[in-house]
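Q: Chain residues, written in single-letter form:
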Amino acid sequence: MRLDLKSINQCVRCGSCRTFCPVLEESGWESANARGRIMILKGLTCGLSPDSKVLESLNTCTTCGICTENCPAGINPPQMIESARRELVSMGVMTRQQEDLSRIIYASGNTFGETRDRLSWFSSDRSTTPKSADYVYFVGCMNSYRYPETAARTYSLLHRFKATLLPREVCCGSPLMRIGYNASRFVDENCRQISEIGASTVITGCAGCYTTLKNSYPKDFRVLSVPEFLAEHISELDLKKLDLTVTYHDPCHLGRHNRIFEQPRQVIEAICSLMEMKTNREAARCCGGGGGVRAGYRDLSLQMARRRLEDASDEVDYIVTSCPLCIRNLSDAGAGERVIDLVDLVTMALNDPKNAD
Amino acid sequence: MQLPANEIFDNPDCIKCARCVEPRIIMNDILQELKSIVGERASASPSERCCYASDASQIAGLPDFVVRPMNTKEVSLILRLCHDQIIPITARGAGTGLAGGCSPVKGGIVLDMSGMNRILEIDIENQLVIVEPGVVAEKLNSALKPHGLFFPPDPGSMAMCTIGGMISYNSSGMRSVKYGTVRNYVLDLEVVLADGQVIHTGRKVLKSSAGYDLTRLFVGSEGTLGIITRAGLKIAPLPKTRKLVLAFFDEAETAGQAVIRVFSRGITPSACEILDKTTLQVLKLCDPMLAIAEEGDLILFEVDGTEGSTNEAAIQIFETCQPLARSVRIVTGQQMQDIWAARRLVGAAISRLDPKKTRIYMGEDVGVPIKKIPALIKKVQQIAAKIDIPAMKYGHIGDGNLHVALFIDVMDDEQWNKLFLAADKIHRAALELGGTVSSEHGIGLARAEYLPEQMGLEAFSVMQSIKNALDPQGILNPGKMGL
Numbered sequence: 001m002r003l004d005l006k007s008i009n010q011c012v013r014c015g016s017c018r019t020f021c022p023v024l025e026e027s028g029w030e031s032a033n034a035r036g037r038i039m040i041l042k043g044l045t046c047g048l049s050p051d052s053k054v055l056e057s058l059n060t061c062t063t064c065g066i067c068t069e070n071c072p073a074g075i076n077p078p079q080m081i082e083s084a085r086r087e088l089v090s091m092g093v094m095t096r097q098q099e100d101l102s103r104i105i106y107a108s109g110n111t112f113g114e115t116r117d118r119l120s121w122f123s124s125d126r127s128t129t130p131k132s133a134d135y136v137y138f139v140g141c142m143n144s145y146r147y148p149e150t151a152a153r154t155y156s157l158l159h160r161f162k163a164t165l166l167p168r169e170v171c172c173g174s175p176l177m178r179i180g181y182n183a184s185r186f187v188d189e190n191c192r193q194i195s196e197i198g199a200s201t202v203i204t205g206c207a208g209c210y211t212t213l214k215n216s217y218p219k220d221f222r223v224l225s226v227p228e229f230l231a232e233h234i235s236e237l238d239l240k241k242l243d244l245t246v247t248y249h250d251p252c253h254l255g256r257h258n259r260i261f262e263q264p265r266q267v268i269e270a271i272c273s274l275m276e277m278k279t280n281r282e283a284a285r286c287c288g289g290g291g292g293v294r295a296g297y298r299d300l301s302l303q304m305a306r307r308r309l310e311d312a313s314d315e316v317d318y319i320v321t322s323c324p325l326c327i328r329n330l331s332d333a334g335a336g337e338r339v340i341d342l343v344d345l346v347t348m349a350l351n352d353p354k355n356a357d
Numbered sequence: 001m002q003l004p005a006n007e008i009f010d011n012p013d014c015i016k017c018a019r020c021v022e023p024r025i026i027m028n029d030i031l032q033e034l035k036s037i038v039g040e041r042a043s044a045s046p047s048e049r050c051c052y053a054s055d056a057s058q059i060a061g062l063p064d065f066v067v068r069p070m071n072t073k074e075v076s077l078i079l080r081l082c083h084d085q086i087i088p089i090t091a092r093g094a095g096t097g098l099a100g101g102c103s104p105v106k107g108g109i110v111l112d113m114s115g116m117n118r119i120l121e122i123d124i125e126n127q128l129v130i131v132e133p134g135v136v137a138e139k140l141n142s143a144l145k146p147h148g149l150f151f152p153p154d155p156g157s158m159a160m161c162t163i164g165g166m167i168s169y170n171s172s173g174m175r176s177v178k179y180g181t182v183r184n185y186v187l188d189l190e191v192v193l194a195d196g197q198v199i200h201t202g203r204k205v206l207k208s209s210a211g212y213d214l215t216r217l218f219v220g221s222e223g224t225l226g227i228i229t230r231a232g233l234k235i236a237p238l239p240k241t242r243k244l245v246l247a248f249f250d251e252a253e254t255a256g257q258a259v260i261r262v263f264s265r266g267i268t269p270s271a272c273e274i275l276d277k278t279t280l281q282v283l284k285l286c287d288p289m290l291a292i293a294e295e296g297d298l299i300l301f302e303v304d305g306t307e308g309s310t311n312e313a314a315i316q317i318f319e320t321c322q323p324l325a326r327s328v329r330i331v332t333g334q335q336m337q338d339i340w341a342a343r344r345l346v347g348a349a350i351s352r353l354d355p356k357k358t359r360i361y362m363g364e365d366v367g368v369p370i371k372k373i374p375a376l377i378k379k380v381q382q383i384a385a386k387i388d389i390p391a392m393k394y395g396h397i398g399d400g401n402l403h404v405a406l407f408i409d410v411m412d413d414e415q416w417n418k419l420f421l422a423a424d425k426i427h428r429a430a431l432e433l434g435g436t437v438s439s440e441h442g443i444g445l446a447r448a449e450y451l452p453e454q455m456g457l458e459a460f461s462v463m464q465s466i467k468n469a470l471d472p473q474g475i476l477n478p479g480k481m482g483l
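Line by line, the protein sequences are chains F and A.
Reminder that position 211 of the first sequence reads as 211 in this note's numbering, one-by-one numbering, no gaps.
Reminder that position 135 of the second sequence reads as 135 in this note's numbering, one-by-one numbering, no gaps.
Note that these hints are calculated values from the structure, not bench results.
Some hints here could point you the wrong way.
As the list claims (entries may be wrong) - Label-pair distances were calculated between CB atoms; the ranges are:
#1 F:ARG338 x A:GLN335: 52 to 58 Å
#2 A:LYS234 x F:ALA270: 41 to 47 Å
#3 F:ASP4 x A:ALA341: 28 to 34 Å
#4 F:THR279 x A:LEU206: 34 to 40 Å
C-beta atoms are modelled at their ideal positions from N, C-alpha and C, and glycine is treated no differently.
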């Protein structure tokens, strides 16, 4: 197998990752930890057969990056694991769940196999969306199909700044890339539309879409997360103070992967009181949903989410975050409607909610 | 069988040996028996076995089974099975060891004890705790902190290493210069013997003069005499305050002399660490925000106690070092904590200095009498220069323990040869200076060849007799410590 031996050898097997890996905490097996996964990668380069247990080890990594954050040797296990997933998929070695998810995305252009119009949440006349604009709101599969209200609220806020929508947005490709598949056709299609609109900035409210647009797309446009955009424009939003105390869950792909820690907090603190979770910012515990784990290993994913919920004080009114996948997982793990998007909080605080919903 | 980890799957002695091609039915029977004891917490999958092949050392061996027991009864039943079937069994905590202590070099079962991780009792009045072996040292200290107490031994790996592993290798760390090693804190052990019997080695008392000191026998025995399933540990009051004196020197040897002068004045620091010039560079890379602008060979003297006593000791150290040092200063609070946090990571962080190179743990734990430290440092410098291999030197200079970090391009065979040679010469240099090949990491297999020489053949044969008495079939961590 072609794997990056240099990175593999850079791991000194000190075991620092054991302190942090959320999957190891649930599973207990070394194969569910970054060090174990790297030992498996090394095994694969010298004769270990890529059987179902190898796939389980590699595919249960949420790619949350807390191991990278704390690795004394400075290695990046999620990157190595994603690369191994790609290599295995190219050899035809994958799980049924990987195959199913990729088939669905390739066939429908979204992660759910939805045949509905992706913009069905958009109640206005579609011809009112500008055909060319500086800002594009990239909605993402989750918000398009599972959180249409959040999509509508986000668009309503961004529309104030003359943002438009892609006419035929498709999946950003993140789930495919995370599980080892090629997503170039989706990248190309979204890029073509962004270029036609002439946008210089793409704004998204999904942490998975954000990291993909920012790090895996051509650098032809600026990519902003909704929290960054809102923080930049906070004074123009005319927000009122709310008598609420909330906490903020850092989505891994927004926080650790892209260092967006302060902007969502600035927005929250402009509206209400913030009470931090037990682990936060660089040290924030993963919700358990990312890296294809929610799709492939639902029980494990929910176990991690339940543990993440223990980090939030019972005193908070809401757990605010900026990623629909985190919302979904934390909500399913027992938080229900107590988990909301940052945009939902901002909408509650608008003095002039016109066009907000 | 001793195999470099990267050869474990293509070495014919490994996967094609008789053990692995024996009729599968036998292996399946054993797996079924293990599953009847622990359920799905037993595995024979090749990938899981691969993950448990080694610790952070270069010693590896493929286990046939990995089992994660959750209580003493399960451990006892597993050992009874091993005893009846003559199956090698190697206990493992977090696998952070540096001598191959938990590498199953004769195959058999790896017993992952990290799941037995409950703190069973915090007895404030008696100043002791009862814990299971899988408790992580830092978690124990987090639980003790609200009570104003702590478990003093603090290896660099304390964020992930387990108490069971610490006891088995008599580990210590940066504060052992004042607080001693794990051995000083173990009051009682519950141990499962090779035939499955469960014994206690002590009582919940701070001292006892009744019988042989079996507790101390099991401390540092590296899983060769029994499996520790519970420990009663002495704990200590947390000091009120700490201060850190940073002293920078032109030469490591001069730094060593400064340490001897500090001790000669009757000062016992709570930590006394050396970081040579290269290590200091890596330390700064570990935390670029670290407020250390100075260069040189650095000694960190920590003092703890009351505000008054730490002030007095810090000033005395400052004054003692000043005539020898390039510069000296005292830090406290967050700045001190940041320096310690980076110091804990420095051993594994060498590739931050040169991404092409990896730190290989060999010859990394030698110790000599404190007075011989300058001679050891000089000797290590000469060895590294002669062999032409980069060596970073750091460690607990206050108790004579020097960690030598050798780093190489692991894809280069010639550099491996240099590494083996340098490590051997460093071990022998320590012995020549009246020291030890391991101060706190243990012998395992990595240093087994030096043990008879260090102990003397007669003393080593006493050790063999003890091993034979407690484990006549040789199933407990076979191949380690030269046994």
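Q: All hints, please: hold or fail.
A: So, going through the hints one by one against the coordinates:
{"no.": "1", "hint": "F:ARG338 x A:GLN335: 52 to 58 Å", "in the structure": "40 Å, violated"}
{"no.": "2", "hint": "A:LYS234 x F:ALA270: 41 to 47 Å", "in the structure": "52 Å, violated"}
{"no.": "3", "hint": "F:ASP4 x A:ALA341: 28 to 34 Å", "in the structure": "29 Å, holds"}
{"no.": "4", "hint": "F:THR279 x A:LEU206: 34 to 40 Å", "in the structure": "37 Å, holds"}
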